[in-house]
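J.: For the protein sequence lines, the chains are R, E, A and G, in the order given.
Heads up, the first sequence is in the numbering used here, so the first residue is 1 and it goes up one at a time.
Heads up, the second sequence is in the numbering used here, so the first residue is 197 and it goes up one at a time.
Heads up, the third sequence is in the numbering used here, so the first residue is 297 and it goes up one at a time.
Heads up, the fourth sequence is in the numbering used here, so the first residue is 868 and it goes up one at a time.
Check each hint, because a few of them may be wrong.
As the list claims (entries may be wrong) - Listed next, with one range per pair, are the computed distances between beta-carbon atoms:
#1 V59(R) x G235(E): 14 to 22 angstroms
#2 V59(R) x A529(A): 19 to 27 angstroms
#3 A277(E) x M493(A): 21 to 29 angstroms
Stated by the list, open to error - Derived BS3-like pairs (lysine-lysine); straight-line CA-CA distance at most 25 angstroms:
#4 K265(E) x K89(R)
#5 K997(G) x K968(G)
#6 K210(E) x K92(R)
#7 K159(R) x K412(A)
#8 K932(G) x K494(A)
#9 K736(A) x K919(G)
#10 K736(A) x K917(G)
#11 K858(A) x K494(A)
#12 K925(G) x K866(A)
#13 K92(R) x K206(E)
#14 K309(A) x K729(A)
#15 K265(E) x K494(A)
#16 K932(G) x K596(A)
#17 K858(A) x K925(G)
#18 K206(E) x K89(R)
#19 K309(A) x K811(A)
#20 K8(R) x K116(R)
#21 K917(G) x K858(A)
#22 K210(E) x K90(R)
#23 K412(A) x K8(R)
#24 K412(A) x K494(A)
#25 K8(R) x K265(E)
#26 K932(G) x K858(A)
#27 K919(G) x K729(A)
#28 K1020(G) x K997(G)
#29 K90(R) x K206(E)
#30 K919(G) x K858(A)
#31 K1020(G) x K1129(G)
#32 K206(E) x K8(R)
#33 K1129(G) x K997(G)
#34 K92(R) x K159(R)
What the hints assert, rightly or not - Listed below are several chain E residues computed to face chain R (Cβ distance under 7 angstroms; list not exhaustive):
#35 P202
#36 L219
#37 A243
#38 K250
#39 T267
#40 T271
These aren't lab readings, by the way, just hints derived from the structure by calculation.
Ideal Cβ placement from N, Cα and C applies to all residues, glycine included.
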Amino acid sequence: MDIPYTVKNRPDTGLYNGKLGVWLFLASEVMLFGGLFSAYIFLRTGVDNWPMGAEYLSVPLATLNTMFLITSSVTMVMSWASLKLNDFKKFKMYAGITLLLALGFLVVKYFEYTSKFHHGYFPSTNNFLGIYFTMTGLHVLHVIGGIVVIFFYWMPGAKMWETDPGRFTNRIEIVGLYWHFVDLVWIFLFPVLYLL
Amino acid sequence: MANMTPEEVKHHIKTYVMVFVALAFLTVVTVGISYLDLGVTGGIVLALIVASIKGSLVACYFMHLIDEKITIYWTLLATVAMFLVLLFLPLSTSLAQTQV
Amino acid sequence: MSTDHHKESFWTKYIFSTDHKIIGIQYGITSLVWLLFGFTLMMIMRYQLAYPESPVPFIGSLLGDGGILPSEMYNSLGAMHGTIMIFLGVVPLAFGAFGNYFVPLQIGAIDMAFPKLNAASYWMYFMGSVVMAIGFFVPGGAANSGWTSYPPLADVATMGQTVWLWGMVLLITSSLLGSVNILVTVIQLRTEGMTWMKLPIFVWTQFITAFLLLLAFPPLEAAGVLQLMDRLAGTSFFMPSGLVVSGEVLTNAGGGSPLLWQHLFWFLAHPEVYVLILPAFGIITEIIANNTRKPIWGYKALVYAMIFLGFMSFIVWAHHMYITGMGTTIGAFFQTTTMIISIPSVVILTALLLSLWGGSIRFNTPMLFALGFIPMFGIGGLTGLPLGLAASDIHLHDTYYVIGHFHYVVAPGTIFALFAGIYYWFPKMTGKKTNETLGKLHFFFSFIFMNGVFMPMFVQGLAGVSRRLWDGGEIYAHAADVLYLNEVMSVSAWLLGLAQIFFIVNMIVSLRGKKTAEVNPWDATTIEWTDTTSPPLGHGNFETVPSVYRGPYEYSVPGADKDFTPQSEKG
Amino acid sequence: MLELLRNLGLPSVAASTQGPAIDNIISLIHWLMLILFVGWGAYFIYALNKFKASSNPKADYHGVKSHFSSYIEAGVAVIEVVLLFGFAFPIWASRVNDVPKGPDAVQIRVVAQQFAWNIHYPGDDGVFGKTSADLVDEAENPIGLDRSDEFAKDDIFTINQLHIPVNTPINISLSSKDVIHSFGLTELRVKQDAIPGMEIPVWFEATMTTEEFLKTTVGTAREGQGFEISCAQLCGLGHYRMKGFLTIHDDEGYAAWLEEQKQYIVEDDEDDWGDDEDW
Ligand code: HEA
Ligand code: HEA
Ligand code: CUA
Ligand SMILES: [Cu+2]
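Work out the full structure: start from the sequences and follow the hints.
T.: Take a look at the structure:
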């Protein structure tokens, strides 16, 4: 016997299990980053002089990264829409671009981090850098998680398209929701850490 | 989003592209604002407003929140409420802390 | 159907199973072992409290130093007792075991919504508990800054604290997976006819509990990450500048705040206490309805009270922090919310009490534990009130009064409810009956000794004896009058430990006995009892999934031929 | 009720101006608790007996129909409102807002550390000298007082010995060098966390001298032992022994004590005195 509503929507809620599940998971993620944002505000208001992000950080690189993530978000949603249109090739293309952009994000982040270390800026230098490394570090872990999952459905997991296309499309929608959330977190991290 | 016609999907795709353009534009705007000298408070407020607009665009269109099911709205409503509590209540508590 | 097509090996069937019933039992066994262990730690500590600085018998040689429990180890055991009881004992038992096993059965689902995730959350919990156990073997011993882990103490503590934090990260992740699973299961997999207002209260409590875990735990995870950064990367999120610890000026950058941790911690830990009590309410409600043979009084009031309780629990946390120097407005706010949150608890208890009226009460073992729960929770809840008013909390904060308060709600409260649940559902889980005599002995002795341990705590607390004192307050003059109680409490605790032998023997004997239990031994109405095979393993819990036609507690319906009408009965 | 609570351990003296108010609210709320518990307890036992299966074999589907429970719940809510507005808020407001700053009040700094209470008086000039973490020397100068600062010259410093005058507002500014401690004066119903990085005011006015208090202890288990400072917050392995002593003098006694302390300033700083053999 199979668990119901993995592909079809339950009539009264209009949802399939995975979608509800991922939204609940994202709710907890909101609270996780919420805890860190709360810490940020708390620490910042607790001291007299809080450094401007731009003193330590590179705004151009972060702008580039913002663009990477925004674009990857749109390609992610396009890859799902392609599946909806039964166009598996386009799905492959868009998901591939998403992966590339995500990797691009990581590469830029790598250069950002190493250049901080070169200048002798470490998490322990001050609380601004501490919270910067913690928040972006956690975000990077989320990006890496996203890459792993997208890669899985791009290569080995894509076989499911042949056996169970409805379910595969749903999975991509779920992965997409997660990926947009990662983008959304960055949309807030960017001004909060770099610009204020 | 389980049962959409191809036309609907195509229509959606147009929206995605538009949202993408808006997001890119707003990113430029935020960076631009940060070079203006608006003072700390002004800068923070404006930057956060822009970020919220961007965030809502992503949530509403990419994540399809604009027409989602009631269950998800309820869940998110509760989450947002707790999120706001988490963000501001500790702060107001510490600001009211008795100190010499 | 219950049986799978292919033969499963022992490993896939019992160890890496994705069947919610097996996972529930895994949770149950692991958490019971931890409960026993956590209790053992406390029995050791109680020796030092009763007879300060005398060698502990039997296990003294493990403690070093002539068999006397050293004060730093006392702190370790105390912190680990709290952590283990709450995060490794009660939550996994109440939410992991009972939730997993009975939520799908009670709503007529064939399994949890995400069986693999379910297994993952058990194994995450298991790993978390292994990590916690490793803490005892690292240099400096296990975490010793209290279960609350307040920095800066926890920031500068020995390595055990780092292990504790890693353990917590795993446990939190496990709870998050578990709660997503329960929520989706309840929302999506209710069988036909099982509308929200026909859900058994037990399912409601699990549902609300899952919400609390989902939204309250992540901030603690964030806080845990920050504390790990403080300890491993040298940040100073929780450390202000210019600290001088043991004569050394710390070289941290400073600028952090110890209170930040307290906010993030209590943001979880207050909702957490309702995580401990809500499933208990659920179990108690099932058993009371069943053994009074009448519907529960005020079903709707119960449901709304619990939802309200869940919401409110997010905005009362700073009542643990009055003495940190809270201002007047915020103080007034938190005192008010704390008083408000006591009202739904009163409503819940009132509904349970009124449910007795007009019943035809059977006093079997589960019912005895359920009835014991009510006044015990009453004492625990009522003693929360003086703590909730900042003015009286000035005197009572961090004294044994607090210890007494919360043990009454968690030990003779929640633990009794869990025992009640175990006795009640044992026939369902195993097809076997437990021994009533042993069960009743277990109840009466536990009841007496629980009170023997915790009642004197209020006296010590009123006298102002601080908690977490290695010598039990011996050096303080204000404790002199009430010091003799330490021995009373300790002896009660050991006798309480002995009383558990009835339980363990009962479990072993019953498990080895024959499958003699009927399908529905208690004549209950909820649909887990309509199931014909007991216990059916594998996905698929029912021969045919029942549809639901009526409320969960249709006992003694006028005009019906039996005194219970199952939810799945048409008409 | 207060008598009952006293018999149950609540210290029989509440030796500060706020103490009686705190005892009062403790006893009021215990009234509420007792009434609820006894009331429901009586009902509980009555119901169990009346409705046991042997005396009531057939359960009643409908059960209680009256709404009296709603009145009880409303009643509890009303009493809680009264307790909040009538008692809890005012007491807290006075504790937080009435901090005496003027010259009539005695100003003291208390700096907690593992596992002792450092007490710092401003001396005759009424101004605390500068302190700095870099000057800390655990043996000689635990609070890092900068004796070269002109305000520091007359500062008095003790370990674990807090001396105050009776019937005078005392304003203690509380902080900690290392971890969180909690400054508790049980008999005065005073408690306040000492949090590193923060200077939190605690104020009170003692209403009884140590001498008077000692008379009340005659014949009890604590005979001969005066007021103490206890640490209420877990602060490490020595938390249990972080005890200080509070001595409340009459005005002359206090002046004499201050005078006596001055001689230690001139000599080698605060080294070889203070009852630290007791902690
Ligand atoms: C299951 C756990 C649980 C529950 C349910 C509660 C319930 C409550 N708690 Fe408790 N609490 C803890 C667990 C719990 N608590 C723990 C673990 C701590 C300490 C943490 C630490 O510091 O380590 C703590 C500490 C704690 C404090 C901090 C004290 C301090 O540190 O100074 C406060 C202060 O407000 C408080 C208040 C309350 C209140 C107002 C309730 C209310 O919700 C209670 C409402 C209930 C009632 C009002 C009962 C109604 C009774 C009747 C109707 C009568 C029935 C009578 C008969 C049947 C005879 N609690
Ligand atoms: C759920 C939470 C919970 C539970 C159930 C308990 C249960 C008990 N606790 Fe605990 N306790 C805490 C949570 C809990 N405690 C916390 C959070 C603290 C604060 C820590 C800190 O200061 O940081 C604390 C602190 C604390 C102290 C204060 C220490 C101090 O301040 O120095 C004391 C002192 O007596 C104590 C005693 C006890 C006793 C005697 C029990 C007894 O009731 C135990 C009874 C246990 C059982 C009855 C379980 C028996 C199990 C079985 C029989 C299983 C059988 C096994 C199989 C079949 C495999 N506890
Ligand atoms: Cu200082 Cu406990
Ligand atoms: Cu609480």
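J.: If a hint holds in the structure, say so; if it does not, say that too.
T.: Evaluated hints:
no.	hint	verdict
1	V59(R) x G235(E): 14 to 22 angstroms	holds, 19 angstroms
2	V59(R) x A529(A): 19 to 27 angstroms	holds, 24 angstroms
3	A277(E) x M493(A): 21 to 29 angstroms	holds, 24 angstroms
4	K265(E) x K89(R)	violated, 30 angstroms
5	K997(G) x K968(G)	holds, 19 angstroms
6	K210(E) x K92(R)	holds, 20 angstroms
7	K159(R) x K412(A)	holds, 20 angstroms
8	K932(G) x K494(A)	holds, 21 angstroms
9	K736(A) x K919(G)	holds, 17 angstroms
10	K736(A) x K917(G)	holds, 21 angstroms
11	K858(A) x K494(A)	holds, 21 angstroms
12	K925(G) x K866(A)	holds, 23 angstroms
13	K92(R) x K206(E)	holds, 18 angstroms
14	K309(A) x K729(A)	holds, 24 angstroms
15	K265(E) x K494(A)	holds, 22 angstroms
16	K932(G) x K596(A)	holds, 15 angstroms
17	K858(A) x K925(G)	holds, 11 angstroms
18	K206(E) x K89(R)	holds, 16 angstroms
19	K309(A) x K811(A)	holds, 21 angstroms
20	K8(R) x K116(R)	violated, 49 angstroms
21	K917(G) x K858(A)	holds, 23 angstroms
22	K210(E) x K90(R)	holds, 16 angstroms
23	K412(A) x K8(R)	holds, 20 angstroms
24	K412(A) x K494(A)	violated, 28 angstroms
25	K8(R) x K265(E)	holds, 14 angstroms
26	K932(G) x K858(A)	holds, 24 angstroms
27	K919(G) x K729(A)	holds, 23 angstroms
28	K1020(G) x K997(G)	holds, 10 angstroms
29	K90(R) x K206(E)	holds, 14 angstroms
30	K919(G) x K858(A)	holds, 19 angstroms
31	K1020(G) x K1129(G)	holds, 10 angstroms
32	K206(E) x K8(R)	holds, 22 angstroms
33	K1129(G) x K997(G)	holds, 18 angstroms
34	K92(R) x K159(R)	holds, 12 angstroms
35	P202	holds, 6 angstroms
36	L219	holds, 5 angstroms
37	A243	holds, 4 angstroms
38	K250	holds, 5 angstroms
39	T267	holds, 5 angstroms
40	T271	holds, 6 angstroms
Checked against the numbered hints given earlier, the structure breaks hints 4, 20 and 24 and satisfies all the rest.
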